[in-house]
Structure formats: structure tokens, C-alpha cells
Amino acid sequence: DGGITQSPKYLFRKEGQNVTLSCEQNLNHDAMYWYRQDPGQGLRLIYYSQIVNDFQKGDIAEGYSVSREKKESFPLTVTSAQKNPTAFYLCASSISPDRATGELFFGEGSRLTVL
Amino acid sequence: QQPVQSPQAVILREGEDAVINCSSSKALYSVHWYRQKHGEAPVFLMILLKGGEQKGHDKISASFNEKKQQSSLYLTASQLSYSGTYFCGTDDAGNNRKLIWGLGTSLAVNP
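Going down the list, the sequences are from chains V and H.
Just so we're aligned, residue 23 is where the first sequence starts under the working numbering, counting upward by one.
Just so we're aligned, residue 9 is where the second sequence starts under the working numbering, counting upward by one.
No lab work stands behind these hints, which were simulated from the structure alone.
Everything numeric in this text was worked out from a predicted model, so none of it was measured.
Keep in mind that the hints are not guaranteed to be accurate.
Pairs of lysine-lysine, BS3-like flavour, derived with a Cα cap of 30 Å [unchecked claim]: (1) V:Lys79 / V:Lys93; (2) V:Lys31 / H:Lys106; (3) V:Lys31 / V:Lys93; (4) V:Lys93 / H:Lys34; (5) V:Lys31 / H:Lys45; (6) V:Lys79 / H:Lys58; (7) V:Lys36 / H:Lys45; (8) H:Lys76 / H:Lys34; (9) V:Lys105 / H:Lys45; (10) H:Lys106 / H:Lys45; (11) V:Lys92 / H:Lys106; (12) V:Lys79 / H:Lys45; (13) H:Lys67 / V:Lys79.
A short list of chain H residues far from chain V (calculated; beta carbon distances all over 12 Å) [claimed, not checked]: (14) Glu24; (15) Lys67; (16) Tyr90.
Simulated restraints on C-beta separations [said to hold, decoys possible]: (17) H:Ile19 / V:Asp81: 27 to 35 Å; (18) H:Thr84 / V:Gly38: 46 to 54 Å; (19) H:Arg21 / V:Ala103: 42 to 50 Å; (20) V:Lys92 / H:Asn118: 43 to 51 Å; (21) V:Val74 / H:Lys45: 31 to 39 Å; (22) H:Lys76 / V:Glu84: 34 to 42 Å; (23) V:Thr101 / H:Leu88: 24 to 32 Å; (24) V:Ser102 / H:Pro15: 20 to 28 Å.
From the three backbone atoms N, C-alpha and C, an ideal C-beta is built for every residue, glycine too.
Make a model of the complete structure from these sequences and hints.
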């Protein structure tokens, strides 16, 4: 079955450490996104990519980095510069780079806790 | 410019109806609706486009009032499976056409 796979599902990190969250999709979608979700808040866009080897910052990109070397993969690195990284991270993809019309397919999420 | 969802929470008995609203201060090009169960991924419900067709999902329908910059989600004859948090995402066709998400409406359907 086609879908989006995020790993790990749970991750614990010590302060000062970088961690990378994996996101893989086999839907052949061009566009991929990373969102952060905090309790009581809506989804906030971290980074998005509309095509391989290209990506743009979202609303809260500081302290995060991404790469898009392959169409199916869009890993997110949470760096030590991110002041409050504990959150639920969601990866999504869309067949359409135009987010106004494209349905988003979400992964199951990765819950990061900084100790 | 985050859209405002109302109510924040609603509790229903199985079979009852509910309406969830999503209002924006900006003119909208599209409104997206998703449902998320606790600890799971959001699931697409529908997209409403300005001046375009409505896409539906089972017993869940929605309206899009462009003049009022508002969308409403209608849940008819609610089922236990409808429980979750409903999010609207709005696109004002501004720079980058990015979605701005509301804070969500928590819906609990009890037997």
C-alpha cells in the first residue's frame, strides 16, 4: 500500500544534540512538507519542498534543516539551535505542488522529547 | 491571520448532528478540512475552492461562504468514529499559497 512512513515514532534527545527525523513516501508525490504540532495549537509549517533538490522555509524554520535529494525522501534535522524542540512532528506529501488544491497525506508522526 | 474555529469543543450523543465553523479575516481561495484522532495522523476530509465544486466525504458535508470568508463543516447523524479533532486550513492565495491552520475543534461522540 502506498503511504508515508515516518521514523522513529518516539525519540528522546539530550539538550545540545542534533536529531534527524525520517520521512519516506511511495506515492510518487512531488511536494513534501514538515509540520510541527504543539498541544492546543494548529499545525505550523517548518519546511516544504515542491520538487527534488529544492525546498523553502515555512513559518518556523529556525533551528531546523532539511534536504530533498530523492523524490521519496524528505528528512528533517532538529538542531541544537532549536530552543524548544519538544513537539509532535508530522510529515506530509501532496501530488500537487499547489497547496491550494492538493490533498495532504500525512505520516503517523514522530514525537520528540528533549530531556 | 490564523482562522478561528468554533466551537472549541463539542460533545454529542451518537446520531446527533454538529456544525463546526472556520472563519478568516482575509478573503479566501480555498478551505481544507481534516480530522485527527489522538496520537494519529490528520486525515483529509474535503477541500472547498472559491467558485468551484465541493468535494464531500460520506455523511460529512461543508459549505464555503466566500463573502463571509467562512466555511462550515456539517456532521450528520454522528457516529462514534467521528470523534477527534477537526482542523480547518485556509489559503488566501497570497504569497506562496500556503495553508494557515486553525487551532482545531475537539469532537467527542458518546454512545
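Evaluation of the provided hints:
no.: 1; hint: V:Lys79 / V:Lys93; in the structure: holds (18 Å)
no.: 2; hint: V:Lys31 / H:Lys106; in the structure: holds (26 Å)
no.: 3; hint: V:Lys31 / V:Lys93; in the structure: holds (22 Å)
no.: 4; hint: V:Lys93 / H:Lys34; in the structure: violated (34 Å)
no.: 5; hint: V:Lys31 / H:Lys45; in the structure: holds (16 Å)
no.: 6; hint: V:Lys79 / H:Lys58; in the structure: holds (27 Å)
no.: 7; hint: V:Lys36 / H:Lys45; in the structure: holds (29 Å)
no.: 8; hint: H:Lys76 / H:Lys34; in the structure: holds (10 Å)
no.: 9; hint: V:Lys105 / H:Lys45; in the structure: holds (28 Å)
no.: 10; hint: H:Lys106 / H:Lys45; in the structure: holds (24 Å)
no.: 11; hint: V:Lys92 / H:Lys106; in the structure: holds (23 Å)
no.: 12; hint: V:Lys79 / H:Lys45; in the structure: holds (28 Å)
no.: 13; hint: H:Lys67 / V:Lys79; in the structure: violated (37 Å)
no.: 14; hint: Glu24; in the structure: holds (25 Å)
no.: 15; hint: Lys67; in the structure: holds (19 Å)
no.: 16; hint: Tyr90; in the structure: holds (18 Å)
no.: 17; hint: H:Ile19 / V:Asp81: 27 to 35 Å; in the structure: holds (32 Å)
no.: 18; hint: H:Thr84 / V:Gly38: 46 to 54 Å; in the structure: holds (52 Å)
no.: 19; hint: H:Arg21 / V:Ala103: 42 to 50 Å; in the structure: holds (49 Å)
no.: 20; hint: V:Lys92 / H:Asn118: 43 to 51 Å; in the structure: holds (46 Å)
no.: 21; hint: V:Val74 / H:Lys45: 31 to 39 Å; in the structure: holds (32 Å)
no.: 22; hint: H:Lys76 / V:Glu84: 34 to 42 Å; in the structure: holds (35 Å)
no.: 23; hint: V:Thr101 / H:Leu88: 24 to 32 Å; in the structure: violated (42 Å)
no.: 24; hint: V:Ser102 / H:Pro15: 20 to 28 Å; in the structure: violated (40 Å)
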